[in-house]
Structures are given as C-alpha cells and as structure tokens.
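Undergrad: Letter by letter, the chains look like this.
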Amino acid sequence: MENKEPLSPHIQIYRWHISSLVSITHRITGIINIIAVTLICLWASFLLFGESKYENIDIFFNSYFGKFIILGVTWSFLFQILSEIRHLIMDLGYGFEIRTTKITGLIVIFGSIILTITFYFIGKNFI
Amino acid sequence: MVQISLPENSKVKKGKYFEDKTGSKNLRKVNIYRWDPSTGENPRIDTYEVDMDNCPSKVLDILNKIKNELDPTIAYRRSCAHGVCGSCAMNMGGKNGLACTTPHADIKGDIDIYPLPHLKVKRDLIGDLDGLYKQYKSIEPWLKSNSKSDTTEIIQSKEDRKKLDGAYECIMCACCSTSCPSYWWNGDKYLGPAVLLQAYRWIVDSRDEEREARLKKVADELKLYRCHTILNCTSACPKGLNPAKAIAEIKKMLATASL
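Chains as they are written, first to last, in our numbering: chain A, 1 to 127; chain B, 1 to 259.
Treat the hints as calculated values from the structure; they're not laboratory data. Keep in mind that the hints are not guaranteed to be accurate.
[To be verified] Listed below are the simulated DSSO-like cross-link pairs for lysine-lysine, each with C-alpha atoms no more than 27 angstroms apart in a straight line:
1) B:95 / A:102
2) A:4 / B:216
3) B:163 / B:217
4) B:25 / B:14
5) A:102 / B:216
6) A:4 / B:25
7) B:29 / B:13
8) A:4 / B:120
9) B:21 / A:102
10) B:29 / B:65
11) A:4 / B:11
12) A:4 / B:14
13) A:4 / B:16
14) B:67 / B:120
15) B:108 / A:4
16) A:102 / B:158
17) A:4 / B:67
18) B:163 / A:102
19) B:158 / A:4
20) B:162 / B:189
21) A:102 / B:25
22) A:4 / B:95
23) B:158 / B:189
[As the list claims (entries may be wrong)] Label-pair distances were calculated between CB atoms; the ranges are:
24) B:217 / A:120: 45 to 55 angstroms
25) B:255 / A:37: 20 to 30 angstroms
26) B:94 / A:119: 29 to 39 angstroms
27) B:109 / A:118: 34 to 44 angstroms
28) B:216 / A:88: 18 to 28 angstroms
29) A:63 / B:37: 32 to 42 angstroms
30) B:21 / A:34: 28 to 38 angstroms
31) B:165 / A:31: 39 to 49 angstroms
32) A:54 / B:94: 48 to 58 angstroms
Please read all numbers here as calculations on a predicted model, not as lab measurements. We put the beta carbon where it would ideally sit given N, CA and C, even for glycine.
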C-alpha cells in the first residue's frame, strides 16, 4: 500500500504569473551574480600577471561571446537590484494587491531590460 | 525538497476519449485527471466532448453534466455550489480555484481540470488534505482567554474588529496552499499560506491573550520564513483574500516586537 497514491501534478500544470516568474528569476539571477562576482575577482587578480596575460581577457571581452556575457551579467545585476527593491517594499507590508504586484513585476522585468540597454549605450559613448 | 518531476507511479498517461453523442455544434473539450485506486494503474487524462449549449456557466456545471450524462464514474468533492464551503477546490486551466465560482468562459482553449497540485490523490479530483488540517490544528485556531469569565462577553472595539476583515472570511479550501511552490517543496514543515493566514487571524484578534505565544510559535525558519513572496496564493484565493500580505504582517510583527 505504501506510496500507492499518486502525487497530483504541480509545476508541470500550474500557470505562470508575473509574480512567480519574477520570483524564480530573482533566484536564478542571484546564483548568476554569485558566479559573476567570483569571476570578476578572478579578472581583477589577472592584473597581477602583467600586461600580456591581461590582454587575453581584453580579447575575450571584445569577442561577441564576451560582450554577451557582459550584457548578461549587467542585466542579471540590474534585475536583482530592482527585484530586491520590490522585496524591500513588500517587507514593509506594501504592494500586495494583485494589480500592484503585476505592475511592480512588470517594472522589474522591463526596467532591467531598459536599464541594460541604457548601460550599453553609456558604455559605447565612453569608449 | 525540490523535485520537479513526478514520481514514476504519478506520471500521467493518455486516457479514454468520450465523443459527443448529442450532435451539438457548440462543443468544448474537457480534459480531466483520473485515477482509480482499485486498478493500480497510473493516473490518466480522460477527454470529454461537452455540449456547451446545454450547460450552465461554471466549471462545476460541466463536471455535473459529465457525471450525469457521460461518465458516472468520475469522482470530485462538491457541496454548496456557491463558493461558501470550499469543497470543490481544484486546478482549472492551470490555476487553483473553486469549480462552482469559476466561469468556464474564462478558460481559453480546452478545459484542463486537475486535482489541487502536489497532494496525494485519493481518487480522480480528490486530493488528500490531512496534512493541511493537522497543520491548521497545530496553530490552535480558537480563542484563548484565561482571565475573563465564560459568561460575560468580551468587548471588542470597531477598530479591533476591523483587523479581522480579510482573514476571518477564509473557508480553508486550500487553493492558496496548494498553489504555493514553497509549500510543494516543504509542505511537511512550512505551514503554507492558508494556515498562516489563520495564524494571523488569531494573532491580531484583540480578545485573544496568547498573542506572544502564538507569535513565538510561528517564528521559525521553516514554518514561516519559507514564504518567498511568490504570490501564487493571493492570485489563487477564490475569496479575494491576501494570505501573502498576512504572512508579511506576521514577519513585520516579529521584526519589530521584542519577544
């Protein structure tokens, strides 16, 4: 008889809402950010090995893949920051109405994308 | 623990197809989760073609129609049919709700009906809610007032009474708790939105004298803080209540109170 009763389907069938999407992305970007910070530390420590070694990193960052990584990490950081602000507001007890959560969720999603593009253009002008 | 895939005995197979015999032009396909405890087979999805010209507006009406006219073997809980008892809570079109208050016109495409998510299935659309009821009992959902006599009424101001609005209306249908991914993964320890909303209801009741003890009891990494504001609970609640906000209020009380 043990374990005879099946478990009803859960994540396979449950529809995604903006709030659940933001929540899971918050977690994923959190993990990405930890890895990214570690890599940034490694990047900084490459300075110790002199100019020729550092050039390799420069070449990598100027490749399409390198640029994709930079933009990806920028988005990941921005998403985390915006989503964290949303969480802080919620911790104060505000913004729990369904409509508000939808709006703040959309602000986090589109805000992070718009800010990433803005950062990209700011970076372009400085180079 | 997080387990995304279903166990082997819970994998859903394709089931029977019930073709329409009325010749109606206004048909909708209804896919329903079926599991018969007597066969030992895996759950299956049966598909029914339902004549919508002769069907009232709610999902429960479809189920009643199927049970009466197409397939009497289908099992589901229902009682009041007016969104008061909470018996017919199930997952329709990927969202939890009460079958008796969910219009089928709100569901686009084929109508998928499953039991409440991540429960042991007793049969067809009937999930096992024993765990949730035990957790409900654990928060001691009754008034605790030791000092006052049993025969005199306890006066409550209008303002204090108002604090219970949005909490006392809960019908314990379990739509919110079974919509919560945190509750799916940690349902054995995390109390879940339905029970925490009730915990909140007794914590804020001005007549209750065990406020501090109640707060201390839920102040637990697993019991309370597994809420990560995914907010599936609030969007699932068929009574329009806000369990997520109640949980946030408990967290706030714990952060500011010196226990």
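Undergrad: Are the hints correct? Go through all of them and say.
TA: Checked hints:
1. Among the hinted pairs, residue 95 of chain B with residue 102 of chain A is consistent with the structure: their alpha-carbon atoms are about 16 angstroms apart, no more than 27 angstroms.
2. A hinted pair counts as satisfied when its Cα atoms are at most 27 angstroms apart, and residue 4 of chain A with residue 216 of chain B does not qualify at roughly 38 angstroms.
3. Taken as a hint, the residue 163 of chain B and residue 217 of chain B pair is honoured in the structure, with Cα atoms around 21 angstroms apart against an allowance of 27 angstroms.
4. For the hint linking residue 25 of chain B to residue 14 of chain B, the alpha-carbon distance of about 25 angstroms falls within 27 angstroms, and the restraint holds.
5. With a CA separation close to 33 angstroms, the supplied pair residue 102 of chain A and residue 216 of chain B exceeds the 27 angstroms bound.
6. With a CA separation close to 41 angstroms, the supplied pair residue 4 of chain A and residue 25 of chain B exceeds the 27 angstroms bound.
7. For the given pair, residue 29 of chain B sits about 17 angstroms from residue 13 of chain B by alpha-carbon distance, which is consistent with the 27 angstroms threshold.
8. With a CA separation close to 9 angstroms, the supplied pair residue 4 of chain A and residue 120 of chain B stays within the 27 angstroms bound.
9. About 43 angstroms separates the Cα atoms of residue 21 of chain B and residue 102 of chain A, which puts this hinted pair outside 27 angstroms; it is violated.
10. Proximity of residue 29 of chain B to residue 65 of chain B is assessed by CA-CA distance (about 13 angstroms); at most 27 angstroms being required, the pair is judged to hold.
11. Among the hinted pairs, residue 4 of chain A with residue 11 of chain B is consistent with the structure: their alpha-carbon atoms are about 13 angstroms apart, no more than 27 angstroms.
12. Under the criterion of a C-alpha separation no larger than 27 angstroms, the hint pairing residue 4 of chain A with residue 14 of chain B is consistent with the structure, at around 19 angstroms.
13. Distance hint between residue 4 of chain A and residue 16 of chain B is fulfilled; the C-alpha atoms sit about 22 angstroms from each other, no more than 27 angstroms.
14. Among the hinted pairs, residue 67 of chain B with residue 120 of chain B is consistent with the structure: their alpha-carbon atoms are about 23 angstroms apart, no more than 27 angstroms.
15. Taken as a hint, the residue 108 of chain B and residue 4 of chain A pair is broken in the structure, with Cα atoms around 34 angstroms apart against an allowance of 27 angstroms.
16. Restraint check for residue 102 of chain A and residue 158 of chain B: not satisfied, since their Cα atoms lie roughly 33 angstroms apart, outside the 27 angstroms limit.
17. Note on residue 4 of chain A and residue 67 of chain B: the hinted pairing holds, with a Cα-Cα distance of about 26 angstroms set against a maximum of 27 angstroms.
18. Using a Cα cut-off of 27 angstroms, the hinted pair residue 163 of chain B and residue 102 of chain A holds, with the two alpha carbons roughly 26 angstroms apart.
19. At most 27 angstroms may separate the alpha-carbon atoms for a hinted pair to count; residue 158 of chain B and residue 4 of chain A exceed this at roughly 51 angstroms.
20. Pair hint residue 162 of chain B plus residue 189 of chain B does not hold up; C-alpha atoms about 31 angstroms apart against a cutoff of 27 angstroms.
21. For the given pair, residue 102 of chain A sits about 38 angstroms from residue 25 of chain B by alpha-carbon distance, which is inconsistent with the 27 angstroms threshold.
22. With a C-alpha separation of about 26 angstroms, the suggested pairing of residue 4 of chain A with residue 95 of chain B holds against the 27 angstroms cut-off.
23. Taking the CA atoms of residue 158 of chain B and residue 189 of chain B, the gap is about 36 angstroms. The hint is violated against a cut of 27 angstroms.
24. In this structure the hint that residue 217 of chain B and residue 120 of chain A lie 45 to 55 angstroms apart at CB holds, the actual value being about 51 angstroms.
25. The given range of 20 to 30 angstroms is respected by residue 255 of chain B and residue 37 of chain A, whose C-beta atoms sit roughly 28 angstroms from each other.
26. Checking the proposed 29 to 39 angstroms range against residue 94 of chain B and residue 119 of chain A shows it holds: the Cβ atoms sit about 36 angstroms from each other.
27. Between residue 109 of chain B and residue 118 of chain A the CB atoms are about 39 angstroms apart, so this pair conforms to the stated range of 34 to 44 angstroms.
28. Our hint of 18 to 28 angstroms for residue 216 of chain B and residue 88 of chain A holds, since their Cβ atoms are close to 25 angstroms apart.
29. For the pair residue 63 of chain A and residue 37 of chain B, the supplied restraint of 32 to 42 angstroms is violated, since their beta-carbon distance comes to about 59 angstroms.
30. Remark: the range hint 28 to 38 angstroms for residue 21 of chain B to residue 34 of chain A is contradicted by a beta-carbon distance near 60 angstroms.
31. Judged by the Cβ atoms, the range 39 to 49 angstroms given for residue 165 of chain B and residue 31 of chain A holds: they are separated by roughly 40 angstroms.
32. Roughly 51 angstroms separates the CB atoms of residue 54 of chain A and residue 94 of chain B, a value that falls within the hinted 48 to 58 angstroms.
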